[in-house]
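Those protein sequence lines, which keep their order, are chains H and L.
Under my numbering, residue 1017 is the last one in the first sequence; the count climbs by one each step, no gaps.
Under my numbering, residue 336 is the last one in the second sequence; the count climbs by one each step, no gaps.
Derived from the structure by calculation, the hints contain no laboratory data.
Pulled from the structure, derived: some chain H residues nowhere near chain L, Cβ distances all over 10 Å:
id, residue
1, 709
2, 979
3, 991
Here are the simulated DSSO-like cross-link-like pairs (lysine-lysine), alpha carbons at most 27 Å apart as the crow flies:
id, chain 1, residue 1, chain 2, residue 2
4, H, 748, L, 168
5, H, 748, L, 159
6, L, 37, H, 821
7, L, 110, H, 898
8, L, 212, H, 851
9, L, 200, L, 52
10, L, 200, L, 212
11, L, 168, H, 741
12, L, 52, L, 110
13, H, 898, L, 200
14, H, 968, H, 898
15, H, 741, L, 161
16, L, 40, L, 52
17, L, 163, H, 748
18, H, 1016, H, 637
19, H, 741, L, 163
20, L, 159, H, 741
21, H, 709, L, 212
22, L, 212, H, 769
23, L, 161, H, 748
Beta-carbon label-pair distances, calculated as ranges:
id, chain 1, residue 1, chain 2, residue 2, range
24, H, 877, L, 87, 21 to 31 Å
25, L, 218, H, 738, 32 to 42 Å
26, L, 204, H, 856, 34 to 44 Å
27, H, 735, L, 89, 13 to 23 Å
Beta carbons: idealized from backbone N, C-alpha and C, even for Gly.
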Amino acid sequence: MAERIVITATGIISALGLGTKKHADALINKKAGMRHPLHLQTKHAQEFVCGEVDYSNDELASLLELPTGDNGYTRTTLLALVAMQELMQNTDTKLFADNSFALINANTVGGMCSVEDMYPDFLSDKTEGAFLKYIDTLDCAESTLNIARHFQLKPFIATISTACSSSANALILGARMIQNGVIQRAICGGCDALSRFTLNGFNSLKNVDKEQCRPFDGNRFGLNLGEGAAYLLLEKESDAVARGAEILAIFCGYANTNDAYHPTAPSPDGTGAMRTMGQALQKAGLYAADIDYINAHGTATINNDPAEGKAIQMLFSSKQPAFSSTKAYTGHTLAAAGAIEAFFSILAILEQKVWPNLNFNTPMEEMNIQPVTEVKDIPINHVISNSFGFGGSNVSLIFSKA
Amino acid sequence: MSKLLKMGISCGMNALQKAGIEQPQAIITGTGRGSMVDTEQFLVSMIANGEEALTPTSFIQSTYNSINGWLALQTKCTGYNQTYVNRGASFELALFDAQMLLNETNENMHVLVGCFDEITPDYVKVKDKIGYWKQPAPANTDLYQHSNTPGTIAGEGAAFFTITNKKENGICSLEAVKMLQGADTAEVITNINNLLAENNLNISDIDVLLCGMNGDSRQMEAYDQLSDLASDHTTIANFKHLCGEYDTSSGFATWLATELFKAQEIPGILVARKGRHKGIKTILLVNHYILNSHSIMLLKSL
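Start from the sequences and build out the full structure, keeping to the hints where you can.
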């Protein structure tokens, strides 16, 4: 049997703040990070609440000791660097001195947050100006390459983009590469900044809630968008033990499957999500009854929540675990969501607490199970974290108590 | 449906059809830019319409994994599905993942692996501002006569392959794939030598050296050194004058390699220096993208 993969360091930034403590405090005190955006320059700013990180671009740059102003770093990259900085500060950087590690990043719209402001300049006949610093920032790998450059790393580099399951896939790739003996360690995660492109994109699909989103609620309307970044350090249990590292959790199972149902909507009967969670359990060598908590994808869209809810209801028919969506805290952070919620799952194990599903009032007609709505102290040994995306891309991750 | 989606989906389905596979067990792709047409269309109309009255089609199709979703839908493939968006290493990462996936199973498995990228007038204009292209653009067949100036010519394409862990009916084997980021010439050469050594090969064992030189003077050094290292056994062949430069041009080159294995001869248009080898059993593909990424791939006939 393959050796166990463990998580030994994390770094995170979201609308809840920067770092582990800010996130634990917000989750415990039921303090959501949603408000009308201040930094995102959209005409819809007063219409929608978003999970916007409080720091401005200049403040983020200062945290990184980078020049402020038009420094060529997009907000996406700045968020990634700040989250990575936390991870690096908590890790012996000698681990990254050689190249036996991978940096696996995930992203959905690259530096669109900057490009959308400068695109008219891009297309103009101008050949000079600050916009030139951002001209090669639209693609997803920009943030990945900047992480490596900023921290002077020379890792195996990969960038994944599978919509809202992107960074959950980054974690899977890291674990597989370690188990295949390609590398010794992997830093895996994802980043996305709010952009007018995504806000208007989801709004054109009519699934953005103007108020705070209501996951698994019968009266839900849609999602709130958020932004952030999170990175986790993965290594073999024996390597972590050998260097005396604190093991935060065991990453014991995962599955990546496809709904093969519709370009954007999940299979409504929940079979897709059930298949993913089921395969993850199989990979982990666990039974459904072993799971104590599910950090659901729970976007609060009309389509996702009943499909995911039905899947949970069917798969865990013998014993329903506690479940909740933390999307009402952070908004849907797209490519960062998988890693942010992996972190929340690990935090649930460390604190032995189930995180509440905010804004739940009315049960959905389609299902007879309900999410946890208060912070609940229960023994937590095994947690499933779900991330489902456009293109039918479904991922489930399982974390266990060390 | 936009051009890139049509290109990607039809190419993927075509590869499956040729292999006689109705349903792969996994679908893995790489793209540097995804659907530029859809991204530009949503972006431009959002700016022009002042964030009002937008339709979602181009937004949905701009998602990098939309072709993967369609291919899964077409083939009812509920298995592993992955999309890499990592500039010049995107297709290589897809191949690398497929290789790992096949190593992880004892069962017979078919993986659909592919790549796709497109050019648009806006993309060409934007990247011209940072010196991507030769100005004026030479005729593609004359590209290498302009290797003393910076810049290249733009290209696009899609390529798909069915990859399996069973030898029967196979065209060639992928022995190794390696991606390098920000490597200088010395590092590139060292990595090529190491990769060959790991596979118990010498540079003189290579029948065809398929080079991704793109006419950019700044990128000639590695290829020049490689040509010097190659013995008279090896044919040195180029491909980018035929497909142009794009993030996933390695997909075109890999397709070309499969055609060379099948035909056992090399069309003159590819040849930079003819070698003395008999037949084509081993192909080393060395590629780079724009300024800072390289990849090396070792393919063998079955």
